[in-house]
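Undergrad: Protein chains in written order, with numbering that gives the first Met the number 0: chain S, 0 to 133; chain Z, 0 to 133.
Since the hints were made in silico from the structure, they are not lab data. There may be inaccurate statements among the hints.
Given that identical chains are not distinguished, each listed pair holds provided it fits within a single copy or across any two copies.
[Stated by the list, open to error] Quick list of in silico lysine-lysine cross-link-like pairs, DSS-like style, CA-CA up to 27 angstroms:
(1) K51 with K28
(2) K70 with K113
(3) K70 with K28
(4) K94 with K107
(5) K28 with K121
(6) K113 with K28
(7) K28 with K94
(8) K121 with K107
Here is what each chain is made of, one letter per residue.
There are 2 protein chains.
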Amino acid sequence: MLGRLNHVAIAVPDLASATALYRDTLGAKVSAPQALPDHGVTVVFIELDNTKVELLEPLGEASPIAGFLAKNPDGGMHHVCYEVEDIVEARDRLKASGARVLGDGEPKIGAHGKPVLFLHPKDFSGTLVELEQV
Amino acid sequence: MLGRLNHVAIAVPDLASATALYRDTLGAKVSAPQALPDHGVTVVFIELDNTKVELLEPLGEASPIAGFLAKNPDGGMHHVCYEVEDIVEARDRLKASGARVLGDGEPKIGAHGKPVLFLHPKDFSGTLVELEQV
Numbered sequence: 000m001l002g003r004l005n006h007v008a009i010a011v012p013d014l015a016s017a018t019a020l021y022r023d024t025l026g027a028k029v030s031a032p033q034a035l036p037d038h039g040v041t042v043v044f045i046e047l048d049n050t051k052v053e054l055l056e057p058l059g060e061a062s063p064i065a066g067f068l069a070k071n072p073d074g075g076m077h078h079v080c081y082e083v084e085d086i087v088e089a090r091d092r093l094k095a096s097g098a099r100v101l102g103d104g105e106p107k108i109g110a111h112g113k114p115v116l117f118l119h120p121k122d123f124s125g126t127l128v129e130l131e132q133v
Numbered sequence: 000m001l002g003r004l005n006h007v008a009i010a011v012p013d014l015a016s017a018t019a020l021y022r023d024t025l026g027a028k029v030s031a032p033q034a035l036p037d038h039g040v041t042v043v044f045i046e047l048d049n050t051k052v053e054l055l056e057p058l059g060e061a062s063p064i065a066g067f068l069a070k071n072p073d074g075g076m077h078h079v080c081y082e083v084e085d086i087v088e089a090r091d092r093l094k095a096s097g098a099r100v101l102g103d104g105e106p107k108i109g110a111h112g113k114p115v116l117f118l119h120p121k122d123f124s125g126t127l128v129e130l131e132q133v
């Protein structure tokens, strides 16, 4: 059921300096910043050979990462995103096992324009898990 | 300079239940547990199509993840590991930019039998970064 690691998301307080570090010091290929107001973040993609890292900076008043950054002012790893072929099948299997799906349990269109769900960190070793249908 | 994402490491308080969740509920391919007493962890590899997730459980009295789990009893994302071709060149470039290398700054043989270094989370948006020479 579990496919590729789509991305690791890192919440950062200062997108410009975090991007510069990955680009200039680590020599990584990075995208231009993309504002995603519907998702409350501005994102930079660090394009690695096999997957990507997404640097997320809060955008707007109700950013979903504002609370995380209040607790972790330096930033930190925010979530991992795994690809699945059928997100409804994955959700039903997870719910049957007792895992909690965040929100109303219905897939939403995520930052990449594809259906996503988030799973409760308490059920996944303290790790916020996003599933994305590809 | 920055190559593949070698792995994401997740510290877990209970390796057996974390493994079962990934294997049985998410349908992932998982390895048998491997005790690495020199590194103070027992590890299970979750083999994804493009990279791997490593579940780490403390092993022994001086486990390097014991403090992390004391602060995060449910577990959590512990570090990311990026591949580099020349770890000494990478280290020198990082140090020249002001980034801090943990320990004595010399590469050590890591859990995969290859030279590794860890970089200070304060310099990488609150994220512990491992570099592995491949």
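Undergrad: Take the hints in turn and mark each one as holding or not.
TA: Checked hints:
With identical chains, the CA atoms of K51 and K28 are at most 27 angstroms apart both within one copy (10 angstroms) and between copies (21 angstroms). In this assembly of identical chains, K70 and K113 lie within 27 angstroms of each other by CA distance neither inside one copy nor across copies; the values are 29 angstroms within and 35 angstroms between. For the identical chains of this complex, K70 and K28 are neighbours neither inside a copy (29 angstroms) nor across copies (34 angstroms), given an alpha-carbon limit of 27 angstroms. Within a single copy, K94 and K107 get their C-alpha atoms as close as 17 angstroms, which meets the 27 angstroms cut-off; across copies the closest is 43 angstroms, which misses it.
With identical chains, the CA atoms of K28 and K121 are at most 27 angstroms apart between copies only, with a shortest distance of 22 angstroms across copies and 34 angstroms within one. Taking identical chains as interchangeable, the C-alpha atoms of K113 and K28 lie at most 27 angstroms apart whether they share a chain (24 angstroms) or sit on different chains (24 angstroms). Taking the closest pair of Cα atoms, K28 and K94 come within 27 angstroms of each other only across two copies (20 angstroms); inside a single copy the shortest separation is 38 angstroms, beyond that limit. In this assembly of identical chains, K121 and K107 lie within 27 angstroms of each other by CA distance solely inside one copy; the values are 21 angstroms within and 34 angstroms between copies.
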